[in-house]
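Engineer: Kindly produce the complete structure, drawing on both the sequences and the hints.
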Amino acid sequence: MSYRLRRAHVTNNSSDMIRTLDNYNLTAHNTFAMNVKCSEFMEYTKADDIPFIISSIRKGVEKFHIGAGSNLLFTGDFPGIILHSAIKGIEILSETAEEVIVRAGAGETMDELILWACRRGLWGIENLSGIPGEVGASAVQNVGAYGAEAADSIVAVHAYDEVEEEFVTFTTDECHYAYRDSVFKQADFKKRYIIHAVDYRLSPIPAPDLSYPALKSHFEGFDESTLSPSDIRKAIIEIRNSKLPDPVKVPSAGSFFKNPVISEELFAEIRAKEAPAEPPHYKVSDGYKIPAAWLIDRCGWKGYRDGNIGVWHLQPLVIVNPDRQASPEEVISLETRIIDSVKQRFGIKLTPEVEHI
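Numbering (the numbering used here), first residue to last: 1 to 357.
There could be a bad hint or two in this list.
To be verified - Here are the computed lysine-lysine pairs in the DSSO-like style, where the Cα-Cα straight-line distance is at most 30 Å:
no., residue 1, residue 2
1, K190, K216
2, K249, K216
3, K88, K185
Simulated from the structure, these hints should not be mistaken for lab results.
Structural biologist: Printed below as a string of structure tokens:
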């Protein structure tokens, strides 16, 4: 191929080389276990590799940057280059009695960062325990669970600007974080910036967040002042394991749909229609947020199975590939049917949280 780059061949003993593989199978690089390929796969271990890689890719060749592939669906073979950061490392940048600023490489596993923090008694990201994915992707997606979001702790995102050909830093405000969203998900930003590190503000001061009902129930009767970040982490992993499949054993992309925000009028209609069942809801500035899982469950999808594809029997928000045989077309077909059924029953159009590639 005319755009193939060769800075280094695959080796077993060189940690600072760019790994380049042709016609590469991506099954191991997406938690949905879609059996798809890319024309070329490139993995790098240093931020300094990024300018070289970008300048060496021929103009017009399609490229896409992935993390652990935990929040995406490959809809077929990718006709260009897949880039993956293997930039590891966690370091303390500054430390006071009130806060600790930590920098993590984009290729670091998010859960490893959380484990690192919990072992040191640092608060701030423990509620995100168990979320699959890497640090760089967490800053793009603004991952969240159990009452917390990545944006709550992120203080800076470091990236390479492909247009200006320079390294830049975004403050939290400049990232424009929102529910499962950031500026990096916008089309022009997605193609322009490659994240190589993220800074987090953690704290040694105890601050357990037990706002999530299941978590609050888990610690009922406990003295909150005695809890550690590791206690919160352990509880959250137990709660997650009781509801969600392990993507290593049962391939999925985690929560497939976003929780919709609806008007007060529509909420009142749904409440009346579904009585005596009470829709779970959370008041937000422009209406109510309703769990997509509840809507999907009311439409009868929990535990559904059709050939190679299905809906997890304990959490209807999760589409699963139980036998690792499902095709992208089967996933999309089930996704469409779920969206249509929720729209027909509730007048709500669900939006996928999973990115389609």
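Engineer: All the hints need checking, so say for each whether the structure fits it.
Structural biologist: Going down the list of hints, with the structure as the test:
1. K190 / K216: 37 Å, violated
2. K249 / K216: OK: K249 and K216 at ~29 Å, within 30 Å.
3. K88 / K185: It holds: about 23 Å lies between the C-alpha atoms, which stays within 30 Å.
Of the hints listed earlier, the one the structure fails to meet is number 1.
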